[in-house]
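Student: Residue strings, one per chain:
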Amino acid sequence: MSDPIVENKPVLYSYWRSSCSWRVRIALNLKEIPYDIKAVSLIKGGGEQHCNEYREVNPMEQVPSLCIDGHTLIESLNIMHYLEETRPQRPLMPQDCFKRAKVREICEMIASGIQPLQNLIVLIYVGEEKKKEWSQHWITRGFRAIEKLLSTTAGKYCVGDEITLADCCLVPQVFNARRFHVDLRPFPIILRIDRELENHPAFRAAHPSSQPDCPPEVAK
Amino acid sequence: MGKQPVLYSYWRSSCSWRVRIALNLKEIPYDIKAVSLIKGGGEQHCNEYREVNPMEQVPSLCIDGHTLIESLNIMHYLEETRPQRPLMPQDCFKRAKVREICEMIASGIQPLQNLIVLIYVGEEKKKEWSQHWITRGFRAIEKLLSTTAGKYCVGDEITLADCCLVPQVFNARRFHVDLRPFPIILRIDRELENHPAFRAAHPSSQPDCPPEVAK
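Sequence order for the protein chains is U and R. Using full-length UniProt numbering, the letters of the first sequence correspond one by one to residues 1 to 220. Using full-length UniProt numbering, the letters of the second sequence correspond one by one to residues 1 to 215.
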C-alpha cells in the first residue's frame, strides 16, 4: 500500500448531533488525525444534506462524508476502516482475526441493526406521533443483543481492554438512546463502558456539545 | 480446523444469500442449517437459536470453532482468514468503494425492508415503505456505480459489493420496485445471473426453498 498523499487537512462534513458523524470524529481524534469540519445542518431549510452541492459529495444525502487523500469517502464504518488501513498508528482494531470479528459485529449491530431505524429521515417518514415508540423499540432490541454479546467480549471496553471501533460506535448510540428516553437499566455493561469513555479526551472533543455547529444553548 | 463450516440460513434471506455467494466464490465448502423465518412465528426467535445469534437473525456462521454474526462481518472474516480468491481489491481507495456499496445496502436499504421491520410497519403500508427505501438507496448506488463500475460494481473483478448487490436486486423485484432508472445495477445483476457461485447461492437452489418455488 502506497503512502497516502497528504495535501490539505482532511475535511469532515458533519452535523453536531449526528451519531454517524460522531463515530468518525472519535476515530479521527483517537488516531490523532487533525481535520477541519464543514457543518451540514440536517434541519435548516429542510436539510442542507439534500441540496445539489452536497448531493455531489454524498449521493445518499447523509453525513458524514470525509474528504481525504484527494478522495471523498462516505458511510461511517467505511471511513473508519479506511483510516485504519491507511493510518495504522494508534490502531482501533485488534490483531486477532476473531477479536476483529467481534468488533465488526458490534459495529454492524449498531450501524445496520439500530441506527438506520432511528435515523432522522426514517423518523420523518414514521411521523411525529409514532417516532418515539418506534425508536425506543429498535434501540432496545439492538441493545439487548449487544449487551448479551458484550457479556462475552467486554473487558474495560467493548472488546477487551483497548478502545476499538466498537466503542466509537457505541457511545454515540447510547446518547441517541437517552435522547429517546430508552430505559437503559437492563444494559449495565453498555452503561459502564459509556461512563468509562465519557471523560476520555478524544470522546469529549467529538461530543455534540463540543462541535462548532452545536447550538449555543446546548453547548456546555 | 475440524469440521466443515455451518451456515444458519433462510432461503430467501438476502443477508444469508450474500454470505452464500462469498463462500461459493472462495470455494469454501459448508453445510446449511435452515432457519425458517416464518414457521411458528419464526425459528430465529427460539431459545436455541437465540444462543447462536442474539439479534435473532440470519445468517450466522459457525467456523474455526467460533460463531460469527452480521453478514458483512462474516464476509470480511472470510477475506482475512482465507485470502485465496480475494473479494476485495488491493488498492485502499478501491476497497473503500467496495465497502461504501456494501454499507449503502447493508445499512441504507436492507434493514428498512427487513422482515421484522415490515411486520412492525404493517401489511397495508409495507409495500410502499419498502419501495421507498429501496428506490432511495438504489438511486444513490447507481450514481456511485457510474464512477466505479467496470464489468462489476468496482472494476472488472467480482467483489463483496457484488455479493451484496445481487440479493438486493432480487428484493427490489419482490417489492415491484421500478428498476428502469438503474441501468448499471441491472447490467451487473444480469452479468452475474448465470455465474455458478451466484446460481448455487440463489434462493431457488437452497435446501429449504419451497418446492413450488424451486426451479
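Hints may contain errors.
[As the list claims (entries may be wrong)] Only part of the chain U face toward chain R is listed, based on derived beta-carbon distances under 10 angstroms:
| hint | residue |
| --- | --- |
| 1 | P10 |
| 2 | V11 |
| 3 | I43 |
| 4 | K44 |
| 5 | N52 |
| 6 | E53 |
| 7 | Y54 |
| 8 | R55 |
| 9 | S76 |
| 10 | R100 |
| 11 | M109 |
| 12 | V122 |
| 13 | L123 |
| 14 | I146 |
| 15 | F175 |
[As the list claims (entries may be wrong)] Under 8 angstroms between C-beta atoms, here's a sample of chain U residues computed to sit facing chain R:
| hint | residue |
| --- | --- |
| 16 | C51 |
| 17 | V57 |
| 18 | E75 |
| 19 | N78 |
| 20 | H81 |
| 21 | E84 |
| 22 | A101 |
| 23 | R104 |
| 24 | L120 |
| 25 | F180 |
| 26 | L184 |
Honestly, the hints are just simulated from the structure, not real lab data. Heads up, the beta-carbon is just placed ideally off N, CA and C, and yes, glycines get one too.
Student: For each hint, tell me whether it holds in the structure or not.
Tutor: Verification of the supplied hints:
1. P10: Violated: closest Cβ of chain R sits about 13 angstroms from P10/U, beyond 10 angstroms.
2. V11: violated, 16 angstroms
3. I43: violated, 19 angstroms
4. K44: Cβ of K44/U sits 21 angstroms from chain R, so the hint is violated.
5. N52: Violated. Min distance 13 angstroms.
6. E53: violated, 15 angstroms
7. Y54: Violated: closest Cβ of chain R sits about 12 angstroms from Y54/U, beyond 10 angstroms.
8. R55: holds, 9 angstroms
9. S76: holds, 8 angstroms
10. R100: holds, 7 angstroms
11. M109: M109/U check passes; min Cβ-Cβ to chain R is 6 angstroms, inside 10 angstroms.
12. V122: holds, 7 angstroms
13. L123: This interface hint is violated because 12 angstroms lies over the 10 angstroms limit.
14. I146: holds, 8 angstroms
15. F175: violated, 18 angstroms
16. C51: Since the shortest Cβ distance to chain R is 15 angstroms, the answer is violated.
17. V57: violated, 11 angstroms
18. E75: Result: holds, 4 angstroms to nearest chain R Cβ.
19. N78: The hint holds - N78/U has a Cβ within 8 angstroms of chain R, the shortest such distance being about 4 angstroms.
20. H81: Holds - the Cβ of H81/U comes within 8 angstroms of chain R, reaching about 6 angstroms at its closest.
21. E84: violated, 10 angstroms
22. A101: This hint holds: A101/U lies near chain R, its Cβ roughly 5 angstroms from the closest one there, short of 8 angstroms.
23. R104: R104/U check passes; min Cβ-Cβ to chain R is 4 angstroms, inside 8 angstroms.
24. L120: With a closest approach of 13 angstroms, the L120/U hint is violated.
25. F180: violated, 16 angstroms
26. L184: Hint on L184/U: violated, closest Cβ of chain R at ~17 angstroms, above 8 angstroms.
This entry does not satisfy hints 1, 2, 3, 4, 5, 6, 7, 13, 15, 16, 17, 21, 24, 25 and 26, going by the numbered hints stated previously.
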